[in-house]
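Novice: Order-wise, the sequence lines are chains V and H. In case it helps, the numbering used here puts the first sequence at residues 26 to 354. In case it helps, the numbering used here puts the second sequence at residues 26 to 354.
Hint data in this document are derived by calculation from the structure and do not stem from the laboratory. Remember, predicted model here, so these are calculated numbers, not experimental data. Among the clues, some could well be false.
Claimed, not checked - To give an idea of the interface, some chain H residues facing chain V are shown, with a C-beta separation under 7 Å as derived from the structure:
no. : residue
1   : E230
2   : R232
3   : N250
4   : R276
Ideal placement from N, C-alpha and C gives every residue a C-beta, glycine not left out.
Protein chains: 2
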Amino acid sequence: MTKIIVDAMGADAGVEMVADALTKARRTRDFEAVIVGPEDALGARFREDPKVEILNTTEYISNDEAPAFAIRRKKEASIVKGLRLLNESGDVLVTAGSTGALLAGGYLITKRIAGMERLCLAAMVPRGDGGVLMADAGATMDTSPEVLLQFGELLSNYAEAALKKVNPRVGLLNIGAESEKGDKRAVKTHELLRESSLNFVGNVEARDILTAPVDVIITDGFAGNIALKTLEGTARYFRSIVKQVLTTSARTKLGALLIQSELKNALQPLDYRAHGGAPLLGARKALYKAHGNSNAETFALAIHEALDFAESGVVERLSALSETSKEQA
Amino acid sequence: MTKIIVDAMGADAGVEMVADALTKARRTRDFEAVIVGPEDALGARFREDPKVEILNTTEYISNDEAPAFAIRRKKEASIVKGLRLLNESGDVLVTAGSTGALLAGGYLITKRIAGMERLCLAAMVPRGDGGVLMADAGATMDTSPEVLLQFGELLSNYAEAALKKVNPRVGLLNIGAESEKGDKRAVKTHELLRESSLNFVGNVEARDILTAPVDVIITDGFAGNIALKTLEGTARYFRSIVKQVLTTSARTKLGALLIQSELKNALQPLDYRAHGGAPLLGARKALYKAHGNSNAETFALAIHEALDFAESGVVERLSALSETSKEQA
Numbered sequence: 026m027t028k029i030i031v032d033a034m035g036a037d038a039g040v041e042m043v044a045d046a047l048t049k050a051r052r053t054r055d056f057e058a059v060i061v062g063p064e065d066a067l068g069a070r071f072r073e074d075p076k077v078e079i080l081n082t083t084e085y086i087s088n089d090e091a092p093a094f095a096i097r098r099k100k101e102a103s104i105v106k107g108l109r110l111l112n113e114s115g116d117v118l119v120t121a122g123s124t125g126a127l128l129a130g131g132y133l134i135t136k137r138i139a140g141m142e143r144l145c146l147a148a149m150v151p152r153g154d155g156g157v158l159m160a161d162a163g164a165t166m167d168t169s170p171e172v173l174l175q176f177g178e179l180l181s182n183y184a185e186a187a188l189k190k191v192n193p194r195v196g197l198l199n200i201g202a203e204s205e206k207g208d209k210r211a212v213k214t215h216e217l218l219r220e221s222s223l224n225f226v227g228n229v230e231a232r233d234i235l236t237a238p239v240d241v242i243i244t245d246g247f248a249g250n251i252a253l254k255t256l257e258g259t260a261r262y263f264r265s266i267v268k269q270v271l272t273t274s275a276r277t278k279l280g281a282l283l284i285q286s287e288l289k290n291a292l293q294p295l296d297y298r299a300h301g302g303a304p305l306l307g308a309r310k311a312l313y314k315a316h317g318n319s320n321a322e323t324f325a326l327a328i329h330e331a332l333d334f335a336e337s338g339v340v341e342r343l344s345a346l347s348e349t350s351k352e353q354a
Numbered sequence: 026m027t028k029i030i031v032d033a034m035g036a037d038a039g040v041e042m043v044a045d046a047l048t049k050a051r052r053t054r055d056f057e058a059v060i061v062g063p064e065d066a067l068g069a070r071f072r073e074d075p076k077v078e079i080l081n082t083t084e085y086i087s088n089d090e091a092p093a094f095a096i097r098r099k100k101e102a103s104i105v106k107g108l109r110l111l112n113e114s115g116d117v118l119v120t121a122g123s124t125g126a127l128l129a130g131g132y133l134i135t136k137r138i139a140g141m142e143r144l145c146l147a148a149m150v151p152r153g154d155g156g157v158l159m160a161d162a163g164a165t166m167d168t169s170p171e172v173l174l175q176f177g178e179l180l181s182n183y184a185e186a187a188l189k190k191v192n193p194r195v196g197l198l199n200i201g202a203e204s205e206k207g208d209k210r211a212v213k214t215h216e217l218l219r220e221s222s223l224n225f226v227g228n229v230e231a232r233d234i235l236t237a238p239v240d241v242i243i244t245d246g247f248a249g250n251i252a253l254k255t256l257e258g259t260a261r262y263f264r265s266i267v268k269q270v271l272t273t274s275a276r277t278k279l280g281a282l283l284i285q286s287e288l289k290n291a292l293q294p295l296d297y298r299a300h301g302g303a304p305l306l307g308a309r310k311a312l313y314k315a316h317g318n319s320n321a322e323t324f325a326l327a328i329h330e331a332l333d334f335a336e337s338g339v340v341e342r343l344s345a346l347s348e349t350s351k352e353q354a
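Throw the hints in and build the complete structure from the sequences for me.
Specialist: Have a look at this one:
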């Protein structure tokens, strides 16, 4: 049975929320879990559930700490204890704590699959059709075209195995549609992707992220983060303007009453909370990052997505790929 | 009197639109103009206006041509004839034609101000407060931190002289607020900006482009283009969803009637047509890029903005700065 390690610490909403999420996630799916956090707060909650163990700790790594330093020094931090247990006996770890700590832990504790130069944080961009996977989302920068090609392989395999996309369509985030467009890195990456065995469908301009017919979008973490946060900021700004308009006067308030349920439904698929989190790819075990501001509902979703990741066998598949390419080399 | 060279060719809407725009622009402001385009189509239009000359040509450079090659070869192209005339006797040139051709013409015909390594295309991001200038917008990539510092000087001077901003606040587009965030280029650029005499206020995260209290935002052209096009695409997507909601049923159509004028007013400042175009900075003359899909109203606005650019003396100011830094070196 799949065994998930759940980091109970580091979420904005605290340990209770994570405990609620685990309880909720257990209701509709069968799996084993080890929750890493304060025995005090968690003990009573899971006494009745034989498939949930508690790994006691009260320390954690915050967003303000230098991640690599903290991972090396804070042996009692929940993420460190969780990742060590993952190496020994777990299938996947999920955390809503510091992204930097998960990344550093991925390099230093979980370790990379042989041949993988960098780890890759994917983000699920919410859109009407269920979303597009974009990576790197801001964890890994200063990448070479060769690294971006590896990201293409990571994402394509993840989309196929964990998200059940058939022959995933891979796009490259770029400033124009033509192959010669972009900076030096983008031009070279386009060439490598075109020559690869991936289902590369070409460049994706940033204005088409929400509509382009692709399953995954490859990018360096700098531009990826800029795109994701511009999306988030623009969406937030638009929502605030519409909200303001709808409360301007008695007349617009009446108008609001007439459209609000349709508007809410139409905007729902664009909410990033439609997905619980995002995989960190390239490590020897499945690592899953839930939103820092998760609530019990979205964290429960993240637990299920993390289980999908583990059960898809994508880590084994990527390790086998890496073995093959070593033999060929 | 300020003399503007107006490229009549290359706009999506054609020569007639540009002629209409020039007529409109002349109504509320006094200036001399040379319009470069087919005498046939333009002659009758400006026979009565002693301050408008026509420079006849029927050739132009399209978006599909390799710009540097076309600039060198097509001596009769409107942008080539316009830029040559600008060198001889003009103050500023405005075009709605190929951005690549304007950029190549800037390097090859107008030439750079001594010491300016690259040219910099600024974009005015529309927002409630009148807009923020972001550059480079996608023309200049693979920039070094030193080039980005020069962009900071170009933009800051332009914002002060042409846009009348007092002590313009300069931000750096980055993936986090802290000085150590970003890729290698961003970290080094942050350091150079902090040590410079510019009014550098720190990093601007992409989610805050529409709200950050800055006058200009510095970025490499790759990330700048990604940010601008993500903004554009997200705004377009949101508009389409709201429009769809408002026409779903008889009830939402009634709701639409009640809110439509307020909604239109609220969204107006976010329309990129609130500005006519964007300066290309770093050349020995003022160069101004109008939107390719300009209509007569926005192109007339672009003509006035281009005149502001020329009359602000920013080119002379940047040339003097460059002389000073040469003497100091």
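Novice: Each hint needs a verdict: does it hold in this structure or not?
Specialist: Hint check:
1. Below 7 Å, beta-carbon pairs count as interface contacts, and H:E230 has one with chain V at about 6 Å; its hint therefore holds.
2. At about 3 Å, the closest approach between the beta carbon of H:R232 and any beta carbon in chain V falls short of 7 Å, and the interface hint on this residue holds.
3. A least Cβ separation of about 4 Å between H:N250 and chain V falls short of the 7 Å threshold, and the interface hint therefore holds.
4. Proximity of H:R276 to chain V holds as hinted, the smallest CB-CB distance being about 5 Å (cut-off 7 Å).
Going through the hint list in order, the structure satisfies each hint without exception.
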